[in-house]
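Novice: Going down the list, the sequences are from chains W and U. Every letter in the first sequence is one number past the one before it in my numbering, and letter 50, counting from 1, is 50. Every letter in the second sequence is one number past the one before it in my numbering, and letter 139, counting from 1, is 139.
Some hints here could point you the wrong way.
Claimed, not checked - Simulated crosslink set (EDC-like; lysine to aspartate or glutamate; CA at most 16 Å straight-line):
1) K42/U with D43/W
2) K146/W with D126/W
3) K29/U with D7/U
4) K146/W with E96/W
5) K42/U with E20/W
Worth flagging that the hints you see were computed from the coordinates, not collected in a lab. Just so you know, these numbers come straight off a predicted model, no measurement behind them.
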Amino acid sequence: MATHDVRITVNGAPQEGAVESRLLLVHWLRDVLRLTGTHIGCDTTHCGACTVLLDGEPVKSCTVLAVQADGREVQTVEGLEQNGTLHPLQEGFQQEHGLQCGFCTPGMLMTGRALLDRNADPSEADIRQAISGNLCRCTGYVSIVKSVEYAAAKLREGSAS
Amino acid sequence: MIPSAFDYHAPDTLDEAVALLERHGDEAKVLSGGQSLLPLLKLRLGDAGHLVDIGRIPGLTGITEADGYLRIGGATREADLERSDLIREKYPILLDTAAVIADPLVRNRATVGGNLAHGDPANDHPATMLALDAEVVARGPRGERTIPITRFFTGLFATALAPAEILTEIRIPVPPPRSGGAYVKLERKVGDYATAAAAVQVTLGGQGEIARIGIGLTNAGPTPIEATAAEGSLRGRQPDAAAIAEAARLAADATSPSADRRGSVEYKRDMARVLTGRAIHKAVQRAGGQ
Ligand SMILES: Cc1cc2nc3c(=O)[nH]c(=O)nc-3n(C[C@H](O)[C@H](O)[C@H](O)COP(=O)(O)OP(=O)(O)OC[C@H]3O[C@@H](n4cnc5c(N)ncnc54)[C@H](O)[C@@H]3O)c2cc1C
Ligand code: FES
Ligand code: FES
Numbered sequence: 001m002a003t004h005d006v007r008i009t010v011n012g013a014p015q016e017g018a019v020e021s022r023l024l025l026v027h028w029l030r031d032v033l034r035l036t037g038t039h040i041g042c043d044t045t046h047c048g049a050c051t052v053l054l055d056g057e058p059v060k061s062c063t064v065l066a067v068q069a070d071g072r073e074v075q076t077v078e079g080l081e082q083n084g085t086l087h088p089l090q091e092g093f094q095q096e097h098g099l100q101c102g103f104c105t106p107g108m109l110m111t112g113r114a115l116l117d118r119n120a121d122p123s124e125a126d127i128r129q130a131i132s133g134n135l136c137r138c139t140g141y142v143s144i145v146k147s148v149e150y151a152a153a154k155l156r157e158g159s160a161s
Numbered sequence: 001m002i003p004s005a006f007d008y009h010a011p012d013t014l015d016e017a018v019a020l021l022e023r024h025g026d027e028a029k030v031l032s033g034g035q036s037l038l039p040l041l042k043l044r045l046g047d048a049g050h051l052v053d054i055g056r057i058p059g060l061t062g063i064t065e066a067d068g069y070l071r072i073g074g075a076t077r078e079a080d081l082e083r084s085d086l087i088r089e090k091y092p093i094l095l096d097t098a099a100v101i102a103d104p105l106v107r108n109r110a111t112v113g114g115n116l117a118h119g120d121p122a123n124d125h126p127a128t129m130l131a132l133d134a135e136v137v138a139r140g141p142r143g144e145r146t147i148p149i150t151r152f153f154t155g156l157f158a159t160a161l162a163p164a165e166i167l168t169e170i171r172i173p174v175p176p177p178r179s180g181g182a183y184v185k186l187e188r189k190v191g192d193y194a195t196a197a198a199a200v201q202v203t204l205g206g207q208g209e210i211a212r213i214g215i216g217l218t219n220a221g222p223t224p225i226e227a228t229a230a231e232g233s234l235r236g237r238q239p240d241a242a243a244i245a246e247a248a249r250l251a252a253d254a255t256s257p258s259a260d261r262r263g264s265v266e267y268k269r270d271m272a273r274v275l276t277g278r279a280i281h282k283a284v285q286r287a288g289g290q
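Bound-form chain W, shown alone (with noise of 0.2 Å):
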């Protein structure tokens, strides 16, 4: 069995390990690192609920391999809250109803995450465009949208002050 040793970074944090070749970067994050808040929600790379950052990028984290990430970044939704302070974005879709099963939702919040990094003011059809890799079954995407812009005039109004 081939094996690699990785040095990954994951939440700011450098994570070590020997990783076979065919170990999917989602698979080392839930079941090696034992952070499941990214989940798996489909087989074909159709669903976006493995969404990370990868160096600061939205990626199918299903699609990528672990050994792929090796000497890189990777965000996850756990290194969203900061001391115990929700982000505003994980504020807004609890203010908005962003969420109902919740199952898109860790990928919903990095693909918003990585889209309110790059803009900081997105027009609906910004963050209608940055989602559309990310499948929600079941809120609906107006109440998703309306959170990616609550997040985005809180994080205003923060650096504005």
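Given the coordinates of chain W, work out where chain U with the ligands should sit on it, guided by the hints.
Specialist: Same frame as chain W, but now just chain U with the ligands:
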């Protein structure tokens, strides 16, 4: 799902990558963005003993104009095309294409070279590259060679690349003034492969006539199709409604789609006709014509 076991290599140089591909022969596959290959391996529709990841080789990415060509590195990601000012300003046909490939998450990994090398007639870049009359640069055990895009797609999931060859660059002749292009795709939803799609690149002559035209069609048969009869019908002619309609009809005649959940053969052929007409119209407009 979990792929069957394979070994993974991440060479730092092209020479090393080519040597690995040669050493492992039929067992080896290039891994680029992995957005076609990893889903196949996960579903166990494909198999590989060795993956040679070209993602850590410097010099395989980038979008530049030099020596009369637009040069796109083989491992350049779709997201990079979308964000490039050069592409936005001068190559709207490529922006049209990148924007309708898969979804934004997939486009953060998927590469332009992989989109061609996969040899999938449902992929979107092949038609654009046919319209743009691109060349593909391949590096293998016997050095480098250039393959015209018209000779690149040899069958369903088959290309002119030899087993140990790596697609390192795509070269597109810089279009002369009064040129324009467009890619128009019909899809059921974001992330879907085309029901039908047409890529058109034109250059207008002094009287507004079509001086040069390239037309490529996606998902219209076992390989990407260049609609040569349609191109011929427009060359030297004014792109008026009748001429465009005639070319669109000839493009549809060149298709041999198969029926699936996206539609019947008749429907897909008719969509190829409609989309070709729209793409010609848009390309002519972008070239500064009517
Ligand atoms: C949900 C989803 C939807 C998609 N929708 C679309 C769509 O609408 N339109 C579309 O065009 N594509 C679509 N794709 C495919 C996606 O764009 C692919 O990633 C792309 O076609 C292949 O690029 P890659 O870099 O990921 O290649 P990989 O998956 O890494 O490789 C694909 C194949 O090409 C070979 N290869 C890759 N790069 C090279 C190279 N430089 N030299 C030699 N061989 C190479 C590999 O060995 C492999 O056989 C979709 C994918 C997904 C997961
Ligand atoms: S689990 Fe569905 S895209 Fe990754
Ligand atoms: S909240 Fe249930 S899938 Fe989105």
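Novice: Work down the list of hints and note, for each, if the structure agrees.
Specialist: Comparing the hints with the structure gives:
Distance check on the hinted pair: K42/U and D43/W sit about 8 Å apart at the alpha-carbon level, within 16 Å; holds. Taken as a hint, the K146/W and D126/W pair is honoured in the structure, with Cα atoms around 12 Å apart against an allowance of 16 Å. The hinted pair formed by K29/U and D7/U meets the criterion: a straight-line CA distance of about 11 Å does not exceed 16 Å. Among the hinted pairs, K146/W with E96/W is consistent with the structure: their alpha-carbon atoms are about 6 Å apart, no more than 16 Å.
Our distance criterion of 16 Å between C-alpha atoms is met by K42/U and E20/W, whose separation comes to about 15 Å.
Against the hints set out earlier in the document, no violation occurs for any number.
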